[in-house]
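Protein chains in written order, with the working numbering: chain A, 1 to 258; chain B, 1 to 158; chain C, 1 to 106.
Hints are computed from structural coordinates only; laboratory data are not their basis. Keep in mind that a hint or two might mislead.
What the hints assert, rightly or not - Output of the computed footprint for chain A on chain C, the stretches with three or more beta carbons under 8 Å from beta carbons of chain A:
#, segment
1, 2-10
2, 18-26
3, 59-68
Stated by the list, open to error - Distance condition first, Cα-Cα at most 30 Å in a straight line; then the derived DSSO-like pairs of lysine-lysine:
#, chain 1, residue 1, chain 2, residue 2
4, A, LYS64, A, LYS184
5, B, LYS56, C, LYS13
6, C, LYS84, B, LYS96
7, C, LYS11, B, LYS127
8, B, LYS96, C, LYS80
9, A, LYS85, A, LYS153
10, C, LYS13, A, LYS250
11, C, LYS84, B, LYS127
12, C, LYS80, B, LYS58
13, C, LYS11, B, LYS96
14, A, LYS184, B, LYS56
15, C, LYS21, B, LYS88
16, C, LYS21, B, LYS58
17, C, LYS80, B, LYS56
18, A, LYS71, A, LYS184
19, C, LYS11, C, LYS80
20, B, LYS127, C, LYS13
21, C, LYS21, B, LYS56
22, C, LYS80, A, LYS85
23, B, LYS96, B, LYS127
24, B, LYS127, C, LYS80
25, C, LYS21, A, LYS64
26, C, LYS80, C, LYS13
All values derive from a computational prediction rather than experimental measurement. Ideal placement from N, C-alpha and C gives every residue a C-beta, glycine not left out.
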Amino acid sequence: MKPSYAIALALLLLCGSSFAAEIPGGERRSGYSFMGPDTRAMQDDDTSNPGMLFVLDGEALWNKKLGAADKACSDCHGDARESMKGVAARYPAFDKALGRPVTLEQRINMERTQRQQAEALPYESRDLLALSVFVANQSRGMPVTAGDDPELKPFVEQGRALFMQREGQLNLACANCHNDNFDKRLAGSPITQGEPNGYPEYRLEWQTLGSLERRLRSCITGVRAQPPDYGAPELVALELYLMSRAHGMKMETPAVRP
Amino acid sequence: MPKLNTTRRDFLGLAGSAAVAGAVPIVTLRPLEATPAMLTSAIRNVVGEAQVQTGKVKIDIPPLVENGNTVPMTVSVTSPMTETDYVKSIHVFNEKNPQPNIGNFYIGPWAGRAQIATRIRLADSQKVVAIARMSDDSFWSVSADVIVTLAACTEEVN
Amino acid sequence: MASTLINVPPKAKRGDIIEIKTLTSHIMETGFRRTAAGDLIPRNIITSFTCRYNGNEIFRADFFPAISANPYLSFFTIAKESGKFEFEWIGDNGFSTTASASIAVE
């Protein structure tokens, strides 16, 4: 950790309250509103949004027969434009058999292994990202509804507690930046509210599409804490809380963000 | 202040890295530095001994970029674009990336408008130079200063 | 074939100046990054792009590592006649991908 960064963040630490208040409903804003005009233009045009390249790949995978069952997603789910409408907007969703919430990526892998009898795709692999962004793109423009299911309540609470919990060498909680200090800047970049309504999204920093879990892991690393593994219950709970915190916000997948 | 530059460059190296789909952990140590001599020589390669005049060319680029990995840039040249008076090519260079060239773009009177747009990588705050070659083989140029800051939360190599 | 997204107006009047936008999937590995072990990751970029309008080359570009990943390119041409635009990207390690789009010009 370079001295200039430690000083900047220590100041933030002192200024930020340890009693991080939630953002009032009327003030909740998508990350889109924090971006400059060039980045917004990149997202707005489907033929200039690099995330759409992955949506194209995902569509091809959706129609591809594979696995021991030799089935494509489309064989059971038909046209994704109809069957997947609104699905991503309510994920992470409660899985009755497992008794806990699962993310869209985990659901896709469950379908692959259980119905297509194919191997699960590794987290953050190109194919899994392509499939999840293709499915999530079908919810674009629709309001986030994740967390509505009453069975999810204890997990949303778990996620909220994680969001408010200080961690890492820098001893920062997500809330310290994303509730208390959004609209300010950290090292030249705007601090957003951390709303997840554009995921999976194309991050200029990554120069590729990535999942919310990748972003969470890199933020957690940023405060010098040990990030949980992909798919860990803590990440799922945090993702669930973040989506419920964005309740009503329109999905923008695939978003473009710095 | 020089110390800050060194730390910033090392940090830039780390900032420029990303774990590529979990496959290979990647880290960039001190990148090679372009020198003004490299920029001059890259420009010489295109214009030869001809004089380069300032004017006619415009660069549209954000003065403060959101992320140095993907900087939208538009270069346009004032020209009637007729059969006898048009732009043959546009050449874009930078001052501080490891390499001075960014791209060369070849058009002609059939283009109607001498304008190209793309997205470029800028490793640090620096000048971007655009040179247009006209149908009479004259060269015109413009330069733009761009500030590039680091992303706040960079990924650790896992 | 790499995924590509092309934006060409489907119709135009003769003489109209139209904008063509292209976006193609490619990592554009600069050749300046290193692995954790310190080894250089070899360069892997698209090096050239060509656009033909009914067989005639109307635009060509040389790309260097400073062009961002998933390269975006916009350029202009005069709509002369109905027909086809053909796009070709060529790069390191034998990379080659093509795409096309039609236009109706009245």
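Here's how the hints hold up against the structure:
1. Interface restraint, the segment 2-10 of chain C with chain A: holds (5 residues with C-beta to C-beta distance below 8 Å; minimum three).
2. Counting residues of the segment 18-26 of chain C whose C-beta sits closer than 8 Å to any C-beta of chain A gives 4, which meets the bar of three, so the coverage hint holds.
3. For a cut-off of 8 Å, the count of residues in the segment 59-68 of chain C with a CB near a CB of chain A stands at 1, and the three-residue condition is violated.
4. Restraint check for LYS64(A) and LYS184(A): not satisfied, since their Cα atoms lie roughly 46 Å apart, outside the 30 Å limit.
5. Simply put, LYS56(B) and LYS13(C) have alpha-carbon atoms about 29 Å apart, close enough for the 30 Å limit, and the pair holds.
6. Note on LYS84(C) and LYS96(B): the hinted pairing is violated, with a Cα-Cα distance of about 40 Å set against a maximum of 30 Å.
7. The straight-line distance between the Cα atoms of LYS11(C) and LYS127(B) is roughly 39 Å, outside the 30 Å bound, and the hint therefore fails.
8. With a C-alpha separation of about 41 Å, the suggested pair LYS96(B) and LYS80(C) falls outside the 30 Å cut-off, and the hint is violated.
9. The suggested pairing of LYS85(A) with LYS153(A) holds, with an alpha-carbon distance near 24 Å, which does not exceed 30 Å.
10. A C-alpha spacing of about 38 Å is found between LYS13(C) and LYS250(A), which places the hinted pair above 30 Å, so the restraint is violated.
11. At most 30 Å may separate the alpha-carbon atoms for a hinted pair to count; LYS84(C) and LYS127(B) exceed this at roughly 38 Å.
12. In summary, the hint linking LYS80(C) to LYS58(B) is supported, as the alpha carbons are separated by about 27 Å, within the 30 Å threshold.
13. Between LYS11(C) and LYS96(B), the direct Cα distance comes to roughly 43 Å. Violation of the 30 Å bound is thereby established for this hinted pair.
14. The suggested pairing of LYS184(A) with LYS56(B) is violated, with an alpha-carbon distance near 39 Å, which exceeds 30 Å.
15. For the given pair, LYS21(C) sits about 20 Å from LYS88(B) by alpha-carbon distance, which is consistent with the 30 Å threshold.
16. A distance of roughly 20 Å separates the Cα atoms of LYS21(C) and LYS58(B); the hinted pair therefore holds under the 30 Å criterion.
17. Of the supplied pair hints, the one linking LYS80(C) and LYS56(B) holds, its CA atoms being roughly 27 Å apart against a limit of 30 Å.
18. With a C-alpha separation of about 50 Å, the suggested pair LYS71(A) and LYS184(A) falls outside the 30 Å cut-off, and the hint is violated.
19. Simply put, LYS11(C) and LYS80(C) have alpha-carbon atoms about 11 Å apart, close enough for the 30 Å limit, and the pair holds.
20. For the proposed pair LYS127(B) and LYS13(C), the alpha carbon gap of about 40 Å is over 30 Å, so the pair is violated.
21. Proposed proximity of LYS21(C) and LYS56(B) is supported: the alpha carbons are some 24 Å apart, at most 30 Å.
22. For the suggested pair LYS80(C) and LYS85(A), the alpha carbons sit about 42 Å apart, so the restraint of at most 30 Å is broken.
23. Note on LYS96(B) and LYS127(B): the hinted pairing holds, with a Cα-Cα distance of about 8 Å set against a maximum of 30 Å.
24. For the suggested pair LYS127(B) and LYS80(C), the alpha carbons sit about 38 Å apart, so the restraint of at most 30 Å is broken.
25. Distance restraint check for LYS21(C) and LYS64(A): the Cα-Cα separation of roughly 29 Å lies within the 30 Å cut-off, and the hinted pair is therefore satisfied.
26. Restraint check for LYS80(C) and LYS13(C): satisfied, since their Cα atoms lie roughly 8 Å apart, inside the 30 Å limit.
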